[in-house]
Amino acid sequence: MATKTSSARPQGWLDPSLSRRSFLKASSAAAALAATSTLFRPRPAEAVTTGGLPADPIENDGDIVYSVCLQCHGGCGIRAKVKDGVLVKIDGNPYHPNAAEVNHRLAYTTPRADSIHTLGSVCVKGQAGVQTLNNPYRLLHPLKRAAGRGAGKWEVISLNTALDAVAQAIAPYFQKTVASTSLTPAQAAVAADAANYIDTDFPELGGKANQVVFSPGRFEHGQKEFADRLLRYGFGTVNYRHDHTSICETSHHVAHALMYNGKDHLKPDIVNSEFCIAWGANPLEANFPMQAYSRKFMTFRKNGGKLVVIDPRFSNSAAVADQWLPIQPGHDAALAMGMINRIITSNTYDAAYLKRPHAGAVNPGGETTFSDATYLVDTTANGGAGAFAKSGSGNEQVIDAATGNLVEKTASDAGLLDPSDTQLTTAGLDPATHQTVFQLLAAEAAKHTLAEWAHLADPTDQVITEAVISDLADQFTAHGKKAGIEFYRGTVQHTNGTYTAMAILALNNLIGNIDWKGGMAGGGSHWHEVDDKKAGMINLKSDVGGTKQSANGIQITRVGKEYEGDAPNLFAADGYPAKRPWFPFAAFGNYQELLPSIGDQYPYACKALLSYSNNQPYSVPATRDMAIEILKDEAKLPFHVCFDYEMGEMASLADIVIPDGCYLERYSTPHVAPSILTKTSGFRQPVVGSYDRTKKGWEYPYSHPLSPDIQMIEDLIIAIAHKTEQITGQPWPGIGDNTFSGSDAPDTDGKRIDNAGDYYEMILDNLRIESGKPANNDEIRAKGGVFEDDAAAYDADGVHVAHRWGGQVHFFIDYKPAINSYGGASLVATRNSMDGSHHTGLPTYIDPEQDMRGNSYATEGSGTNAFKLLTYKPVFHAQGRTIINPWLVDLMPDPMVQMNRVDADRLGLRTGEKVKITSTHPGPYSRTMGDAADPFLAFRARLEVTEGIRPGCISIPHSYGHWQMSSQSREVLLPSGVTETVAGDASRAAGVSSSPVTRLDTSVGVYYPAAPQDPVGGSAAFYDSFVTVAKL
Amino acid sequence: MAQIGWAIDLERCTGCQTCTVACKSENNTPMGTNYRDVAFVDSGSYPILHRLFVTMSCNHCEHPACLASCPVDAISKDATYGVVLIDQDKCIGCKYCIFACPYGAPRYNGATKKVEKCTFCIHRISEGLFPACETSCVGRAIRHVVVFSPSDSGASAPAGFADAGMTIPSIRFVHQGDEAVQQGDPISV
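Chains as they are written, first to last, in the working numbering: chain G, 1 to 1032; chain X, 10001 to 10189.
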């Protein structure tokens, strides 16, 4: 080896005069000196690496910590290389199935010492996690606003002072719960706990504890269950967790849960598939886990698998596909219904599968699932939405194929899919009012001809034609069970998202591909960290000691509840339309309704908002200016504390900001997507610092190298609980002396939770006991989790996956699906709270360009310079926070607004030109973005002319267009009495975001509208807005 | 002297640019100075489009044009692996090598005002470990070959790849059916 190489460079990192090590030393020394100005004098991101540095030193066993990434939600195991207490490099955990493929991944029994020089992979975002930890702008101390909300003026306060303020704000509502939410107003007014009701005129709202709202944007397993435990069962608020899922892909999950009785996610077993459609999904860039899924897709292509990508934008996934179909956004169900039409009329569905009416039916094909395709429906019920024609004993019925008789489903081995009128009549049914589910689906698909469906999916008739639909359907059905459809947010973040998802899922169901090798799989899932599934495991989810609170009432976003049935007094008072919409099936919450509901004080007022890793003003479509107004309104929102590790858009508007550790400085137990077929329980643990389990949460157990004020959220919640106990004199169930009830009550064996470390030790106990794999908890820590080996992926029969779902497939939703917290009626029996109409029970095509009251706004897109506004995630960014990673930003430092060449030529626009983008909807809070009038993003929108986008659309990448995230300067009053100005970093503000020009739905709300949204699944619509684009 | 080289399977490249960033993290290069980049080669017109991802760094040629161009003899081929290295003490930042290289491998560092480039992670391979781009490659497209045969130089290269006859780059491309290079060869120290 040459003695002088390009790796032999002088020391230095953040500054040529400072190595990484000496930088951190300097910072922690400064922290020990109680917030000297050094901490608030960050450098521009470009200076984070200035060059002239040696390559990383070689690692040995003591330098490696296995943990789990969170640069996106993929849950990939990581291998953090920590030299002398400084994180220098991140790779993949070679034990983790995301990070290493078959024949490369280490068996779980491989001793840790033998793993050190086997590196798994982690993607481009994961690599950049080094810069998330070593982010020079991160918050190190609690801040209290020193002027109006959002003024950018702060005062450093102690962690104790900050948490005291939180406890003071929430203590008046502590355990203000009610025994019953189903009393009449008269009964409630005289009930023993009458004073606890938010409003005895509306007992359904529940107790005043509900006026304390916790909203973590991104919250991980382990953390979630802990907050639920303390806030739901300890504090008593029903608003114990409003997380981000509805701005991600919630209608995808809800559609699955409706059709598969609560199973909310399936993915193709892609490596064994022969044909796959990636529909509004981008597995090479944005799906999850991106690295494992994209690697499997490339193997699938190598194996000769055919790939069709349906996406208005030419993504990296489209680049490796056999066929790219740039569909008209939001009209995906037209293509799906056309394919269903073709499959049914050409008899290419799997009839033998669809005829099976129950699990016990004869099963020559080896199916693990069955469907409702042969069940009979009375089409006149539920106002025409239909209902199953049930027997006298309440069971669904079929016409038995062998006898022609009408029988209960369990009395038949095969039902008739498509009985003739004569067969219906013979079975005693009126053909005018009775059909099978299959016939109803066929009729739905026959509402249009293939040519008409093609024209709806692509009005230009250029890329999707009758022939294309036929060909796509024929290809899809030509591979037996070895075909599948991957779809994600592109298809579902629309006003029609749930029904579009159901139409796509119906295609999978027509070939009966679930649980088959090469078909759709439910994944290996995980061991249970908080449930007592096996003797010796502890119920960490809901077993709390002391006075366990039964949080009840209506969540402020009205999810999981039916307007008419669950809120009878509100319904009697307001009728239709409801003041704001209700979402009985939105099982994963409704993030975009949170702030407007607080602003409207509907159905009640919020007294204290605790937000955590939540960046609503930036990340919720159509929200920016409205969110800022609501968050500044001290009458509507008296108290707001934000826990975050950066001065994000949400934090910038809080009363108090408390620093959070980043994902490399905390515990949690992330799960993986069903693209992983083996059981996987990753364990995220701090890669730097040390944790002292002898300290209680309020004694701050985590010793972080940068600041003593960086603690884990679990410990901060325990500290708030401790302070609330001191204020109220009432014990907080779930921790300390009141950790568990009954036989698990704290005793000499130390079953108590006094800090995050205690809680996660019990989680490790649970994982160890249920899996039976690790010898002790140290083995889980040493290997970064518990993992099943690859041999467990497939069944010994050679044709099925090993971890089977094995349930019933529902095409028609007239049953009560096992959806989180939902106790109401079936989909067809529930009504749209805006007009009282029944929800449709079948997959169907709905025009996406309509508001919550069904008013079409398609004409907003009719102007010559009107465009459909799209967004996308490039592979090197996640949705909201990767702007802090200079290595990633440098891959696209100057993001642009993409427009097709044909449109650009027509409008006389060229690449690089500055443009202004204006919403065509003249509602409140709508903006012209990019021009001088825009308060944050002036002059930032520039155009990229490309072939790779459907004409009539423009697309803006996520992750850019921040106006906070330390892109602006802020003033900070230090304990020394000196006021410092922290200069912003302009690179954090690169580009624009779509939020300010997304259409608002003004058909809902008392005063505040909302992002356009799916009335069933609750997804926020990102892609149903029209804008005009003009040269600046 | 053995010659280490690359075997690149473009049919496995997902275009994610993890290699670019993994290299930055491993080698601590400054912003804007990347030893490995991914080229996006777009062609066609809407709606029939093509895109090829090509990951590329220094090819550690048998006859490096950079070495020949260097006026101060700062560039040499390492005796153990045939890796082309730039002596940072000798480099005067004249950039001749940048112009000479047919593959754009040498990169100017604005902070040091010198030229640097891919070292094949010589600090890792000399310990028997693999280069950072290879271990991080999400699609498993990047592999090293311990004993690279000059006769394979430029094999199955994509259109636009410079004529391998000029410098004999230590790189070949893996094509459909050529599965010889599934995993990088073990490196003995």
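No lab work stands behind these hints: they were computed from the structure. This structure is a prediction, so every number in the text was calculated from the model and none was measured. Hints may be right or wrong, so weigh each one.
[Stated by the list, open to error] Below are the DSBU-like pairs computed for lysine-lysine, each with C-alpha atoms no more than 35 Å apart in a straight line:
#1 G/K632 - G/K873
#2 X/K10113 - G/K548
#3 G/K914 - X/K10113
[Unchecked claim] Just some of the chain G residues that point at chain X, by a computed CB distance under 7 Å:
#4 A55
#5 D56
#6 V130
#7 G404
#8 V407
#9 H839
#10 L891
#11 M892
#12 V945
Glycine included, every Cβ here is placed at the ideal spot set by N, Cα and C.
| query | Which hints, by number, does the structure contradict? | reply | 2, 7, 8, 9, 11 and 12
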